[in-house]
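Fit chain V to the given chain R structure using the hints.
As you go down the protein sequences, you meet chains R and V in turn.
Yeah, the first sequence ends on 298 if you go by full-length UniProt numbering, and it's all consecutive.
Yeah, the second sequence ends on 298 if you go by full-length UniProt numbering, and it's all consecutive.
Derived from the structure by calculation, the hints contain no laboratory data.
We treat Cβ as the ideally placed atom computed from N, Cα and C, and that holds for glycine.
Hints may contain errors.
Unchecked claim - With a straight-line cut-off of 27 Å between C-alpha atoms, the simulated BS3-like cross-links for lysine-lysine are: (1) V:296 <-> V:208; (2) V:44 <-> V:131; (3) V:283 <-> V:131; (4) R:44 <-> R:231; (5) V:283 <-> V:208; (6) V:208 <-> R:126; (7) R:208 <-> V:208; (8) V:44 <-> V:208; (9) R:208 <-> R:239; (10) V:296 <-> V:231; (11) R:208 <-> V:239; (12) V:283 <-> V:239; (13) V:126 <-> V:44; (14) V:131 <-> R:208; (15) V:231 <-> V:283; (16) V:208 <-> R:131; (17) V:208 <-> V:239; (18) R:231 <-> V:208; (19) R:6 <-> R:44; (20) V:126 <-> V:239; (21) R:239 <-> V:208; (22) R:131 <-> R:231; (23) R:208 <-> V:126; (24) R:208 <-> V:6; (25) R:126 <-> R:296; (26) V:208 <-> V:131.
As the list claims (entries may be wrong) - Restraint ranges, calculated between C-beta atoms of paired labels, are given here: (27) V:254 <-> R:131: 34 to 40 Å; (28) V:78 <-> R:290: 41 to 47 Å; (29) R:79 <-> V:287: 42 to 48 Å; (30) V:251 <-> R:156: 23 to 29 Å; (31) V:85 <-> R:292: 25 to 31 Å.
Protein chains: 2
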Amino acid sequence: MTRVLKTAVVGLGSMGYGMALSCLRAGHQVWGVDINPEAVDRLKAEGGEPGNLPRDLDAVVVVVLNAAQAEAVLFGDEGIVPTLSSGAIVLSCVTVAPEFACRMEARCTDHGVHYLDAPISGGAVKASQGKLTIMASGTATAFDAAAPVLDACAETVFTLGATAGPGSAMKAVNQLLAGVHIATMAEALTFGMTQGIAPDQFLNVISKCAGSSWMLENRAPHVVAGDYSPKSQINIWPKDLGIVLEVASSVGFDAPIARAALSQYTAAVEMGLGAEDDAAVTKVYAENAGVTLPNKQD
Amino acid sequence: MTRVLKTAVVGLGSMGYGMALSCLRAGHQVWGVDINPEAVDRLKAEGGEPGNLPRDLDAVVVVVLNAAQAEAVLFGDEGIVPTLSSGAIVLSCVTVAPEFACRMEARCTDHGVHYLDAPISGGAVKASQGKLTIMASGTATAFDAAAPVLDACAETVFTLGATAGPGSAMKAVNQLLAGVHIATMAEALTFGMTQGIAPDQFLNVISKCAGSSWMLENRAPHVVAGDYSPKSQINIWPKDLGIVLEVASSVGFDAPIARAALSQYTAAVEMGLGAEDDAAVTKVYAENAGVTLPNKQD
Chain R
1 MTRVLKTAVV
11 GLGSMGYGMA
21 LSCLRAGHQV
31 WGVDINPEAV
41 DRLKAEGGEP
51 GNLPRDLDAV
61 VVVVLNAAQA
71 EAVLFGDEGI
81 VPTLSSGAIV
91 LSCVTVAPEF
101 ACRMEARCTD
111 HGVHYLDAPI
121 SGGAVKASQG
131 KLTIMASGTA
141 TAFDAAAPVL
151 DACAETVFTL
161 GATAGPGSAM
171 KAVNQLLAGV
181 HIATMAEALT
191 FGMTQGIAPD
201 QFLNVISKCA
211 GSSWMLENRA
221 PHVVAGDYSP
231 KSQINIWPKD
241 LGIVLEVASS
251 VGFDAPIARA
261 ALSQYTAAVE
271 MGLGAEDDAA
281 VTKVYAENAG
291 VTLPNKQD
Chain V
1 MTRVLKTAVV
11 GLGSMGYGMA
21 LSCLRAGHQV
31 WGVDINPEAV
41 DRLKAEGGEP
51 GNLPRDLDAV
61 VVVVLNAAQA
71 EAVLFGDEGI
81 VPTLSSGAIV
91 LSCVTVAPEF
101 ACRMEARCTD
111 HGVHYLDAPI
121 SGGAVKASQG
131 KLTIMASGTA
141 TAFDAAAPVL
151 DACAETVFTL
161 GATAGPGSAM
171 KAVNQLLAGV
181 HIATMAEALT
191 FGMTQGIAPD
201 QFLNVISKCA
211 GSSWMLENRA
221 PHVVAGDYSP
231 KSQINIWPKD
241 LGIVLEVASS
251 VGFDAPIARA
261 ALSQYTAAVE
271 MGLGAEDDAA
281 VTKVYAENAG
291 VTLPNKQD
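Just chain R, same shape as in the assembly (with noise of 0.2 Å):
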């Protein structure tokens, strides 16, 4: 039997929503935290721990959208780490730049609390599952007092390196062939119907085919329904191709590709699709080609 531990997961977005349930499922005690309060009050009545959060917290697990927050919740005005115990344990799963999970190591480490640079793959449906791929590097340590989480999480834990960084430099690699396989999609799939193929008719070929992609088949499967209710939204793009291009630059690294993609996202971005699926890449090509994608079925 695993240890309970008392955990908090901050953000409950569809990532962390699903690794909360899939940490209630393993038996820990979990307190959600979110600024929507309907999500905090979902997770409640599912076995989410009603009040505030306690003083002896094992285990803080940080799901929010970006840097910015991230750090807002461990280090700002109300910020979390100054209030844990020594040897509690910081899971980041948030898609940053190495040298700030490198910053936020070395701050935690100054409170005596460690930290697992633990970014995951894998989508909303994989993280209510419990089975979720976590690049993940950080001291033995850090490991040890994260493994009951891990253990509830994730069905794959990549052990990267005795620091943070190398689990968000994987994590940007990742997203680097991510982003550029969906806008890959939009663009061969409106390409296509350009020359009479059907979405329907693209997805079947292709997908049996050297052309496929992970993304191809999570994504095309969307437009072909015409259904961009957000499993993962456009906004993610902008955010996680910047961060790559941005290390990237910081090395002297060109990307001409992730640059073409990141451009497409923008634009779609431009055209007020923002918070749809990802998959709405593909409107900004069909918009430009004059083709018409399906529509949802009501």
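Leaving out everything else, chain V in the frame of chain R:
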């Protein structure tokens, strides 16, 4: 028992040779044609027919490099179509523009010869196993006439339309994706190296994550092994992405990600890498980034 066809396979490169073997294995009589006499002799040694092409060929499978070669094979000075009997079938497996496929079909029809627009996907190994994916379009009569060859060579045959054109259009869509995915693998792998991620670690982790693609899983191992012996040459991509962009341009479709990928292949050719495996596009990024790729262990 399937009909035994008298079949010519024109173009005995890695794909054509594999398809010729698959036809032999299925019991057909196969004549190999190639500018390289060694390939022709090798096929004879494996059961190919000796001597010149007979006048009563049932099927001609064209697996040459490009449209110009295909047109020369079919209708050039020693073109094969005028020598065929009425009712024979030409299967064109070459990656060409849809409009070119339509022209070839019309000219074959003038000679009473059926034409199947039949581009292939799957790589040399699947070609030799008779397990290709074929993106085919043509008349019902053309599909009937081609059926024994399709049975011999393909695991999956997609029936994409009743004329030539849609098969080549789907192949162009597939090549857009495949070409971008190889170059993006190269971009992400070398970006990872600048962040301390070794190529084998990249492959192990990313192939389990949402950033994976068919091409990443197939080609990244070549980079990890430092083995650029050509399974599929760099030279394919300026040609195939050139077709994609030419077809796109003809309908006013902008494909910025495909364009960015094409630039990397063009740079690879300019570095003298055209005849290497297409995974060698990674060398363009490595050179620019100043990172050292693995060498082949001899």
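Checklist entry - Quick one, are residue 283 (chain V) and residue 208 (chain V) close enough, alpha carbons at most 27 Å? => result 24 Å, holds
Checklist entry - Does the alpha-carbon distance linking residue 126 (chain V) and residue 44 (chain V) stay inside the 27 Å limit? => result 21 Å, holds
Next on the checklist: Please verify whether residue 208 (chain V) and residue 126 (chain R) have alpha carbons no more than 27 Å apart.
Outcome noted: 13 Å, holds
Checklist entry - Under the criterion that the straight-line Cα-Cα distance not exceed 27 Å, is the pair residue 126 (chain R), residue 296 (chain R) satisfied? => result Satisfied, since the Cα-Cα distance of roughly 25 Å is no more than 27 Å.
Checklist entry - Holds or violated: are the alpha carbons of residue 208 (chain R) and residue 239 (chain R) at most 27 Å from each other? => result 32 Å, violated
Checklist entry - Are the Cα atoms of residue 44 (chain V) and residue 131 (chain V) separated by 27 Å or less? => result 22 Å, holds
Next on the checklist: Would the hint linking residue 131 (chain V) and residue 208 (chain R) be met if the CA-CA limit is 27 Å?
Outcome noted: Within the cut-off at roughly 12 Å; holds.
Item to check | residue 296 (chain V) paired with residue 231 (chain V) [C-alpha distance capped at 27 Å] | outcome: 16 Å, holds
Item to check | C-beta pair residue 251 (chain V), residue 156 (chain R): status relative to the range 23 to 29 Å that was hinted | outcome: Once the Cβ atoms are compared, 43 Å apart, the range 23 to 29 Å for residue 156 (chain R) and residue 251 (chain V) is violated.
Item to check | 27 Å limit on alpha-carbon distance, applied to hinted pair residue 283 (chain V) and residue 131 (chain V) | outcome: This hinted pair is violated, its Cα atoms lying about 31 Å apart.
Next on the checklist: Next pair to validate is residue 239 (chain R) with residue 208 (chain V); report whether the Cα-Cα distance is within 27 Å.
Outcome noted: With Cα atoms ~23 Å apart, residue 239 (chain R) and residue 208 (chain V) stay inside 27 Å; holds.
Checklist entry - Given the hinted pair residue 126 (chain V) and residue 239 (chain V), is their alpha-carbon gap at most 27 Å? => result This hinted pair holds, its Cα atoms lying about 22 Å apart.
In this structure, the earlier hints numbered 3, 8, 9, 17, 24, 30, 31 are contradicted, and the remaining ones agree with it.
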